[in-house]
Amino acid sequence: MRRLAQLALAVVLTGCASHGDEDAIATATSLPIEVLGAPGAAVAVTIDVPGDVASAPGAGLALTVHNVVEADAAYVVVNDAAPIDLAAPGLRRPSGGHATATLPLPDGTLRAGANRVVFRYDRQVRDVSGFRVIDVAVVAGGLRGTADLLADDPAAWTAPSADAGAIERGRRFFAEESRDGGPVCARCHADDGADLAYFAFSNHSVIARAQHHLFTPAEAADVASYVRSLAVPPVGRVIDAPFQPGPQHAGAAGAGHQAVLDSDEALGAALFPGGFPEDPAWDLAASLDTSAIALPVETPSWMRWLPRRIDETWFTRDDGRLAEAQAALERDGTLEAARAFETAAVQIGKEILITTGDHAGRVELLRYAAIKLWDWQRRHGGFDGADRGFPDGGPAFPYEVGFAFFEAAFADAVPDAMAQTFSWWVAQAAVNPGRGHTSGDRPLNWKDVLTAADGAGAGPWTIIYLHLVGSLEESQGALADDFGTDRGPVRLLAVPLRRVPGPIRAALLRRFFAREAAFLAGGGTLTSDHHVVLGNAWRDGCEGLALDQRAELRALAPPEVAADLAACP
Numbered sequence: 001m002r003r004l005a006q007l008a009l010a011v012v013l014t015g016c017a018s019h020g021d022e023d024a025i026a027t028a029t030s031l032p033i034e035v036l037g038a039p040g041a042a043v044a045v046t047i048d049v050p051g052d053v054a055s056a057p058g059a060g061l062a063l064t065v066h067n068v069v070e071a072d073a074a075y076v077v078v079n080d081a082a083p084i085d086l087a088a089p090g091l092r093r094p095s096g097g098h099a100t101a102t103l104p105l106p107d108g109t110l111r112a113g114a115n116r117v118v119f120r121y122d123r124q125v126r127d128v129s130g131f132r133v134i135d136v137a138v139v140a141g142g143l144r145g146t147a148d149l150l151a152d153d154p155a156a157w158t159a160p161s162a163d164a165g166a167i168e169r170g171r172r173f174f175a176e177e178s179r180d181g182g183p184v185c186a187r188c189h190a191d192d193g194a195d196l197a198y199f200a201f202s203n204h205s206v207i208a209r210a211q212h213h214l215f216t217p218a219e220a221a222d223v224a225s226y227v228r229s230l231a232v233p234p235v236g237r238v239i240d241a242p243f244q245p246g247p248q249h250a251g252a253a254g255a256g257h258q259a260v261l262d263s264d265e266a267l268g269a270a271l272f273p274g275g276f277p278e279d280p281a282w283d284l285a286a287s288l289d290t291s292a293i294a295l296p297v298e299t300p301s302w303m304r305w306l307p308r309r310i311d312e313t314w315f316t317r318d319d320g321r322l323a324e325a326q327a328a329l330e331r332d333g334t335l336e337a338a339r340a341f342e343t344a345a346v347q348i349g350k351e352i353l354i355t356t357g358d359h360a361g362r363v364e365l366l367r368y369a370a371i372k373l374w375d376w377q378r379r380h381g382g383f384d385g386a387d388r389g390f391p392d393g394g395p396a397f398p399y400e401v402g403f404a405f406f407e408a409a410f411a412d413a414v415p416d417a418m419a420q421t422f423s424w425w426v427a428q429a430a431v432n433p434g435r436g437h438t439s440g441d442r443p444l445n446w447k448d449v450l451t452a453a454d455g456a457g458a459g460p461w462t463i464i465y466l467h468l469v470g471s472l473e474e475s476q477g478a479l480a481d482d483f484g485t486d487r488g489p490v491r492l493l494a495v496p497l498r499r500v501p502g503p504i505r506a507a508l509l510r511r512f513f514a515r516e517a518a519f520l521a522g523g524g525t526l527t528s529d530h531h532v533v534l535g536n537a538w539r540d541g542c543e544g545l546a547l548d549q550r551a552e553l554r555a556l557a558p559p560e561v562a563a564d565l566a567a568c569p
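Residue numbers 1 to 569, in this note's numbering, belong to the letters of the sequence shown in order.
No lab work stands behind these hints: they were computed from the structure.
Calculated pairs, EDC-like style, for lysine to aspartate or glutamate (alpha carbon to alpha carbon, straight line, at most 16 Å):
#, residue 1, residue 2
1, K447, D482
2, K350, D311
3, K447, D486
4, K350, D318
5, K447, E407
6, K350, E407
Computed from a prediction, not measured in an experiment: that's the story for all the values here.
When you get a sec, could you build the whole thing from the sequences and use the hints?
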């Protein structure tokens, strides 16, 4: 067996020139490879492959890409073979994000010696400036060869110009001037562009996007020089989603795209290596840190935080309430000002929906508010404290964007809305899962979370995890008073009973009935609506329980709910 090093790789990179312009080719020094700019941008990778490997059957191109969102836009060409659309199964992400898959190569595609692989951006996609290749490898003959490139180090980047005049011009272009008739850059980003520095947007990416907005190459370079001058460390990465949960989470930078699990089964194995307990305790989730548990769900990348359009009527509605609240946020920077700004954005969003039915516009408004509140957090306390930048009772802006998508999903008004809802709410859960354990302030409605997970096609282990966390959150603090009503954790049973395998359904019901029995023994009472919800949940999933499981659960349940468990004799 040859070692992987036998696939020697030499890599060359084109800039933003047409893929046919050989004079523009330069040697790449790092990953990711950025295929950005106007249509025609191309990146070439040359891979040296030994002859016997080249002739082996079943060759493929193993790729990890970021932000391939539509068909007929991003392509890869290996040698002289036909172009392969990167929006192939496994690599396309309509809402952005990273994806990994191996593209099969027809026999005979690879050659002994140098093999040229060209990544192309052929068609302008709305609101997208291209895509990135995070990793590329040839797989053939049981071997895998990867490019001999290290990850780029943003800490080593330098500005196109250190001249004070260039930096000041860049600041002015960013904050005060528009070339395409749209809003200035600062309108959609952090006011000073700190997000571009924090998430390590490269000079090339800043320049490409500025040129997309019709700044000249020289002006775009000045904008990049300004961004590089900011005293903001590159904590995050452009390819990594903010607040992604995982063991190595770091502030708003999250845990990186590597933390996203490749399967629902991997979550179950990580959480319960010895199998799910037969009698899980009600507080089982108390030991689970929602920021550190990796999930098979990617939170929205920063490109999906940025609003796609700005409607100036947002700032004149309701006597300029949003503009006034934003001015106070910038002036005072207090928690109260942040709450007031989010409240104003939510209210204006409701007015937009009531008066125009524009779900997409409401989403954009709340994205706008989320950007400004993210920047407020960065400037006032940061993301590294115990509250991860979300003080108790503070603005829950990932939740609000997710809720706008949630209502759009039921109106069928925004593409991929339920999956986007779930993604935003995973980000919210990572930083503030509900606060039932402190004040009872609940930014997440866990019934809605489970509904979104169900609608987004989440696997059973993800549903189980969310049920355990959500039911605990919704039974503590001020929310404890709702336990015996239809607003308590009883309402969270329906999705687990539909989606979870029978033995674990039975275990979750044992957990619930044990907690309900303790509640009743302590003097609690159940409302009629509680009985209705429990009866519906049982009816919805009891056929997935074995006869002996049904009998055991009926014997375990408090006598007060016996009539609720009559279905499925």
